[in-house]
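Student: On the provided structure of chain A, position chain B as indicated by the hints.
Just so you know, the sequences run in chain order A and B. Be aware that the first sequence starts at 1, since it is given in my numbering, and climbs by one per residue. Be aware that the second sequence starts at 1, since it is given in my numbering, and climbs by one per residue.
To be clear, the hints were calculated from the coordinates, so they are not data collected in a lab. Any given hint could be a false lead.
One copy or two, either will do: identical chains are not told apart, so a pair holds if it fits within one copy or between any two.
The list that follows gives simulated cross-link-like pairs (lysine-lysine, DSBU-like), each with its CA atoms no further than 30 angstroms apart [claimed, not checked]:
no. : residue 1 : residue 2
1   : Lys250    : Lys314
2   : Lys145    : Lys186
3   : Lys145    : Lys293
4   : Lys242    : Lys86
5   : Lys86     : Lys132
6   : Lys254    : Lys290
7   : Lys314    : Lys186
8   : Lys254    : Lys86
9   : Lys145    : Lys85
10  : Lys132    : Lys254
11  : Lys186    : Lys45
12  : Lys132    : Lys290
13  : Lys145    : Lys224
2 protein chains.
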Amino acid sequence: MLWYEMTGRDSDVVVSSRVRLARNLEDYPFGERLNVPMAKEIIEKVKRVFEDEPSYKYVDFSLLDSVQRAAETDRHKVSAEFAAKKTPTAFVESESNQIYIMVLEEDHLRIQSIKAGFALEEAYEAARSADKLIDDKLNIAYDEKLGYLTHCPTNLGTGMRASVMLHLPALTYADGIRSLQNQLAKIGITIRGMWGEGSAADGCLYQMSNQVTLGMSEEDIISKLSGICERVVQQERSLREKLRDNDNGKLTDKIMRAYGTMLYATLIDSSELFRLYADVRLGASLGIIKALKLSSLDKMLISGMVGVIMSENKDVKTPLDRDRARADMIRCILAGGEEQ
Amino acid sequence: MLWYEMTGRDSDVVVSSRVRLARNLEDYPFGERLNVPMAKEIIEKVKRVFEDEPSYKYVDFSLLDSVQRAAETDRHKVSAEFAAKKTPTAFVESESNQIYIMVLEEDHLRIQSIKAGFALEEAYEAARSADKLIDDKLNIAYDEKLGYLTHCPTNLGTGMRASVMLHLPALTYADGIRSLQNQLAKIGITIRGMWGEGSAADGCLYQMSNQVTLGMSEEDIISKLSGICERVVQQERSLREKLRDNDNGKLTDKIMRAYGTMLYATLIDSSELFRLYADVRLGASLGIIKALKLSSLDKMLISGMVGVIMSENKDVKTPLDRDRARADMIRCILAGGEEQ
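With the rest of the complex left out, here is chain A (with noise of 0.2 angstroms):
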C-alpha cells in the first residue's frame, strides 16, 4: 500500500513523513563522469543486493513510457529529475513498508521511505533498513569525517533528508505561512508550497524539511524536525479552533459547497481539485462533513494528478476527458469505492 492509501498519527495536518538517504559506491564517479558501462554495473549490483529480498521489487524504470513515470513521480516514489532521466536508471520498492529507492538520481542511491501522517521515526527505521542491505553487500562511500559522500554537498554527512507533508488551511488563512517561515529559516528548517506558491491554489499542502545534514546525527535531525513539527501541529489546530467557533456560517459554507462541487460536478481540472481538498479536508478535520476519511481526500489528490488519471485511463486523451475522469476518480472514492 502507498502512504495515501493508509491512515497515520496527527492525520489532520500531517499528510505524510518523508526520509531520504543518499548513497554512494565507492569504486564508481558521481554524476556526468559516470559512463553508461559503469552505470549498468551499478544497477546490476544493486538488483543483485534485492534479488533475495522478497518483500522488494525491481524495476526496469527504462521500460517505462512517459505517462507511467509521470505517474510515479505524481505518486511520489520518484523525483521528476529522475522520471525525465535519458541515461540508465533502475528503481527498487518495497510497496509493503513504503521504502522507494532511485538507482542513479543525482546520487548513485537514493533510498527513500514515506510514510502517512506524522511517522518521522518510522520512515527513518523504513529508510535504514534498506541502507542497511545495501551496505552489507556494497563499498559504500563513506568518509570518517565528512560522513557519507555525496554528489552534492548540501548531502554530506548524514546525507539525510526528512521532511513532512503538512496541511495547514488555517495558518495559510490567517496569513501566517511568511511569519512560520522566517522564524523556522533561523533554526534550519525550510518549509515551502509542495507545488509552488503554497496557498489555497495548491491544496494548502507544504512540505517541512531539515537543511542541515552535517554536524548532526540521524536521531537529531529526526528529534529535530519532530519536536519543531508538533508545535506547527498545535499552532494550526488552534487556528481552525478559532476559526470553526468565529464562523459565522460561512466557513461551513464555503466547506460545504466544496463538498457538495466534489460529489455532483462531471468536469473538475487539478487546480479546482487542490482548492476543494483544501477546504473539504479542513471541514472533515473539524467535524463539519461527517464519516470522511482524511486518507480518501489524499488518495483524491494523488489519483487526481494529470500522470496517476493518464495512467490509469488509456483512454483519456484531451483535458475535458481527464477532467471528467477525475471528477468520476473523485465521486467514486467519495462513495466508498476503491479500496478505501
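Tutor: Coordinates of chain B only, in the frame set by chain A:
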C-alpha cells in the same frame, strides 16, 4: 393548494397559467374618488357574496402585517401595489380552486386564478366561476359597446389579462428572447422577464401575456395565447434537445454543480437561488437530474422569496439568517420533506 405545489401540463416549459378579470361596481366611483365609507361598503358587499360559499375564505387584508403582505405578494396571490395600499382593502380566496380576489386594488375587483403548468382554460374557468357568483349578486359596470368598464382604459372590453409564466433557459442561452419579443409584439403578445431583465439572473423565467382586451372575446384571447404558447414550448424544447445533443460535458457539469450546491450549500441568497433554479430545472427536464419533480423547484423558488422566508421563519432577522433559512428550506425540499 397553491399552483407551485401542483404539477401541470407541459410543466417542463410552462410553470403556471394565470387569468385575471377586472370588474367594477356600477354605483361607485373609481380609485381616488372613492372615499373610505364607500370603500367599506364595497368590502361589505363582496364579503356577503362569499359568506355562503364554503370554498371561499374572506381575509381582512388590513390585519396583515408588512411581512405577511410581502409573502402573499411573493406567492403571486396579490399584486405589490395591492399589498402596499393604506386605504381599505380585502382579499377573498378559494384555496381548492386557486382563485384569488383582490378587493379595491386598481379596480373594485380583480378576480384571478393561477394554475400549475399550461392551463389557461382551467384558469379562465376558475376565474369565471367567481365572476359569476359576483355578477349574480352585485351590479357590475358593463357597457354594450365598451364591455366591462375598468379604471384604466387598457382593460376595457373583456377586462381580462391572460398570461403564462415560462421557463426558457435554452432560448435565453441561445440569445433568442429579443427576437421572440419582436415577433410577438407584432401580434399583440408581450413577453418579459418575470422579475426584470429576463436572464439566468432571474431564473430564465418570463411572463407572456395578451395586450388586447377589447374587440375580442375571452375565448379568442385564451385560444390565441394558447396557440402562441404551444409554439414557444416547441421552440424551447427543440433548443433544449440541441443543447443536450451538442453538450461536450460542460452543460451537464454546470447543471450537476448547481444541483450539488442546492444540496450542500448552507447559505444561499435569492439571486443565487434564481441561477441555481434555472440550471437545475433545465437539468431535471432533460433527465440529467433524475427523480426530481419540477414542482419541487417551483415551490423552492417561491418559498425562497424574501417575504415568504420572513413570514415562515419568525426568528430570521439578518440577511445572513435569511440565506441560512433559504438553504435549509432548499435541502428540506430536495430531501422530500414538506408536502411534496
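Student: Decide, hint by hint, whether the structure agrees.
Tutor: Here is how each hint holds up against the structure:
| no. | hint | in the structure |
| --- | --- | --- |
| 1 | Lys250 - Lys314 | between (40 angstroms within a copy, 22 angstroms between copies) |
| 2 | Lys145 - Lys186 | within (26 angstroms within a copy, 97 angstroms between copies) |
| 3 | Lys145 - Lys293 | neither (47 angstroms within a copy, 78 angstroms between copies) |
| 4 | Lys242 - Lys86 | neither (51 angstroms within a copy, 50 angstroms between copies) |
| 5 | Lys86 - Lys132 | within (29 angstroms within a copy, 92 angstroms between copies) |
| 6 | Lys254 - Lys290 | both (15 angstroms within a copy, 26 angstroms between copies) |
| 7 | Lys314 - Lys186 | neither (48 angstroms within a copy, 57 angstroms between copies) |
| 8 | Lys254 - Lys86 | neither (45 angstroms within a copy, 43 angstroms between copies) |
| 9 | Lys145 - Lys85 | neither (32 angstroms within a copy, 95 angstroms between copies) |
| 10 | Lys132 - Lys254 | neither (49 angstroms within a copy, 55 angstroms between copies) |
| 11 | Lys186 - Lys45 | neither (42 angstroms within a copy, 89 angstroms between copies) |
| 12 | Lys132 - Lys290 | neither (43 angstroms within a copy, 59 angstroms between copies) |
| 13 | Lys145 - Lys224 | within (22 angstroms within a copy, 100 angstroms between copies) |
Going through the hint list in order, the structure does not satisfy hints 3, 4, 7, 8, 9, 10, 11, 12.
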